[in-house]
Amino acid sequence: MAERAIDAATVPAAWSAQSRVLLAGDASGAALVLDEPLSFWGGVEPTTGQIIDHRHPQHGLNVTGRVLVMSAGRGSSSSSTVLAECLRAGTGPAAIVLLEADEILVVGGLVAQLLDGTAMPIVLLESSAHARISMGSVVAISSEGRVDVRKSQNRV
Amino acid sequence: MLSGAAGEALQMAMHLIVALARVNGARRLRPVSAAHIDGCLYHGPVGLDFAERLVAAGGRVAVPTTLNVSALDLLHPELIQLDAATRDRARQLMDAYVAMGCDPTWTCAPYQLPDRPRLGQHVAWAESNAIVFANSVLGARTGRYGDFIDICAALTGRVPDAGLHRTENRRARIVLRLDDGLAGSELADELYGVVGHVVGQESGGLVPAIVGLPGDTSEDQLKALSAAAASAGAVAMFHAVGVTPEAETLEQALGGRPPKREMTISRERLARAWGELSTTDGAGRLAAVSVGTPHLSMAELSRLDSLLDGKRVHQRIEMYASTGRRTLETPNGQALQDRLGRAGVKLVVDTCTYVTPVMRAPQGSTVMTDSAKWAWYAPGNLGVEVVYGSVTDCVRSAVAGRIIRERPAVLDG
Numbered sequence: 173m174a175e176r177a178i179d180a181a182t183v184p185a186a187w188s189a190q191s192r193v194l195l196a197g198d199a200s201g202a203a204l205v206l207d208e209p210l211s212f213w214g215g216v217e218p219t220t221g222q223i224i225d226h227r228h229p230q231h232g233l234n235v236t237g238r239v240l241v242m243s244a245g246r247g248s249s250s251s252s253t254v255l256a257e258c259l260r261a262g263t264g265p266a267a268i269v270l271l272e273a274d275e276i277l278v279v280g281g282l283v284a285q286l287l288d289g290t291a292m293p294i295v296l297l298e299s300s301a302h303a304r305i306s307m308g309s310v311v312a313i314s315s316e317g318r319v320d321v322r323k324s325q326n327r328v
Numbered sequence: 036m037l038s039g040a041a042g043e044a045l046q047m048a049m050h051l052i053v054a055l056a057r058v059n060g061a062r063r064l065r066p067v068s069a070a071h072i073d074g075c076l077y078h079g080p081v082g083l084d085f086a087e088r089l090v091a092a093g094g095r096v097a098v099p100t101t102l103n104v105s106a107l108d109l110l111h112p113e114l115i116q117l118d119a120a121t122r123d124r125a126r127q128l129m130d131a132y133v134a135m136g137c138d139p140t141w142t143c144a145p146y147q148l149p150d151r152p153r154l155g156q157h158v159a160w161a162e163s164n165a166i167v168f169a170n171s172v173l174g175a176r177t178g179r180y181g182d183f184i185d186i187c188a189a190l191t192g193r194v195p196d197a198g199l200h201r202t203e204n205r206r207a208r209i210v211l212r213l214d215d216g217l218a219g220s221e222l223a224d225e226l227y228g229v230v231g232h233v234v235g236q237e238s239g240g241l242v243p244a245i246v247g248l249p250g251d252t253s254e255d256q257l258k259a260l261s262a263a264a265a266s267a268g269a270v271a272m273f274h275a276v277g278v279t280p281e282a283e284t285l286e287q288a289l290g291g292r293p294p295k296r297e298m299t300i301s302r303e304r305l306a307r308a309w310g311e312l313s314t315t316d317g318a319g320r321l322a323a324v325s326v327g328t329p330h331l332s333m334a335e336l337s338r339l340d341s342l343l344d345g346k347r348v349h350q351r352i353e354m355y356a357s358t359g360r361r362t363l364e365t366p367n368g369q370a371l372q373d374r375l376g377r378a379g380v381k382l383v384v385d386t387c388t389y390v391t392p393v394m395r396a397p398q399g400s401t402v403m404t405d406s407a408k409w410a411w412y413a414p415g416n417l418g419v420e421v422v423y424g425s426v427t428d429c430v431r432s433a434v435a436g437r438i439i440r441e442r443p444a445v446l447d448g
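Chains as they are written, first to last, in our numbering: chain A, 173 to 328; chain B, 36 to 448.
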């Protein structure tokens, strides 16, 4: 976390990067940067969006409406269902920004899109751009995969 | 199929299969000849909507398809403590999958059914323990499929040609050697779950080759190892040299290439894993005993019966044994069901005691199990304390009404 704060101080106030789109959509929100991968099954309570995995460093924070920035997904394939249930209940993230492709999250996001028309983007950034996103930055993702990041005026 | 000319259900299914291929970089799709579905366990309204939408659009499976556990026990409905509305939706979900032509097997051990996949056969299986068993023990080929994708593969008969479907991805990248003092010797049954737990923790996403398991390791022991490896890690396949079909030798398992990493599983490492599988030392009051995760085979049911040896489960203890309905439907299964029932064992089918409310054991009470997978998930899912031990000690404890457990001698040399 300390390292991230230093990185964030040295990057410009606003910057952009091109991502690889795994699931297309338009979205923006405040970044929720996770120190470890998160399994939605057993890790997120679908009725509230809260991170309930006691072993996770961001335990207790809420994913709802946030741009979830983590290296990878983790754990059970039932995470597809839990992500889709979150998106249906309105407790899901606004977008997910990953380093490594994750089939389970893409399937969950796609099912929500097919059934409800919810377009929650899932994109891949290369590692230097991924590491530049700091907690609370405002991240906007276009359906073509352009990622615009600016520092928040407010503390999040 | 993508154009919709083959119907809306196939279009939707193919859409998901193609999206998966794009994510995992597959260049083409390949046919599968069977499927096993995990999506029939009720988690919430989206899973039910998805299945009912496919049914309404005329979805029918293209290949023989079996079903994993549900949230209900249709043969013993009184065991399940779900509210009426959830129970109805869980049943609707099961009905939807049956309406698409799936075989209502309701088991997490489809490899114990008569028509199981053969060496080299490509299938689309969901359920983590079954995936590991199919790839490793049967030598069949499946990716790590899960909810939604499983039925899409069954409807289309196609999967992305990627991952463990491809020979080059099946070779071992990491070698795990049992310590010289452990290798080749007879291991107590409960140690296979412990070895699996270590294999899951040490392998990361790589295919491991385990060296040192006895040549006559049984399928039930490999089942325990598979389930533990899949729940403690992301393992989808292992080789056991001299035991599993693609690993007659270490060289064959490695595909003639050097491994990325080699390590020895010491007695101390096994002892630590054995300890990690319990959340309490067992001083607390025992409320229940649960065996059969994954579902008990016929041989394991018989073993349970002979261990009970005419004794009864203590009146204060609830003992559950989970198995597949197809196992109980055989004449031998019927006889065992009657005998175990008279001994006070509650038989559970179609579901499992950690995925749906079956057990009466209150939060914070202690439950004993012989399953490393159950021991890993139940504390989080059910809020109980768990003690891991052999099936022999599980039965002794259930009869005595208190925890009796012997530490395997081999852990201490």
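Keep in mind that the hints are not guaranteed to be accurate.
Non-contacting residues of chain A with respect to chain B, defined by C-beta distances greater than 12 Å in every case (computed) [to be verified]:
1) Glu272
2) Asp274
3) Ala284
4) Asp288
5) Val310
6) Ser324
Here are the computed distance ranges between Cβ atoms for each label pair [to be verified]:
7) Gly136(B) / Thr290(A): 43 to 51 Å
8) Gly232(A) / Thr121(B): 43 to 51 Å
9) Ala218(B) / Gln190(A): 35 to 43 Å
10) Ala334(B) / Ser299(A): 21 to 29 Å
Worth flagging that the hints you see were computed from the coordinates, not collected in a lab.
Built from N, CA and C at the ideal position, the CB exists for glycine as well.
C-beta pair Ala218(B), Gln190(A): status relative to the range 35 to 43 Å that was hinted: Since Ala218(B) and Gln190(A) have Cβ atoms about 52 Å apart, the given range 35 to 43 Å is violated.
No chain B beta carbon within 12 Å of Glu272(A)'s: At about 10 Å from chain B, Glu272(A) fails to clear the 12 Å cut-off, so the statement is violated.
Non-interface label on Asp274(A), tested against every C-beta of chain B at 12 Å: 8 Å, violated
Range hint compliance [Cβ, Gly136(B) to Thr290(A), 43 to 51 Å]: 30 Å, violated
Least C-beta distance between Ala284(A) and chain B, which was stated to exceed 12 Å: Non-interface label on Ala284(A) violated, nearest chain B Cβ at 7 Å vs cutoff 12 Å.
Gly232(A) paired with Thr121(B), Cβ distance criterion 43 to 51 Å: For Gly232(A) and Thr121(B) the Cβ distance comes to about 27 Å; the hint is violated.
Range hint 21 to 29 Å (beta carbons of Ala334(B) and Ser299(A)) holds or violated: 50 Å, violated
Claimed clearance of chain B by Val310(A), with the beta carbon kept past 12 Å: 27 Å, holds
Non-interface claim for Ser324(A) versus chain B (Cβ beyond 12 Å): 31 Å, holds
Least C-beta distance between Asp288(A) and chain B, which was stated to exceed 12 Å: Asp288(A) not clear of chain B: closest Cβ-Cβ about 8 Å, inside 12 Å.
The structure fails to meet hints 1, 2, 3, 4, 7, 8, 9, 10 from the earlier list, while all remaining hints are met.
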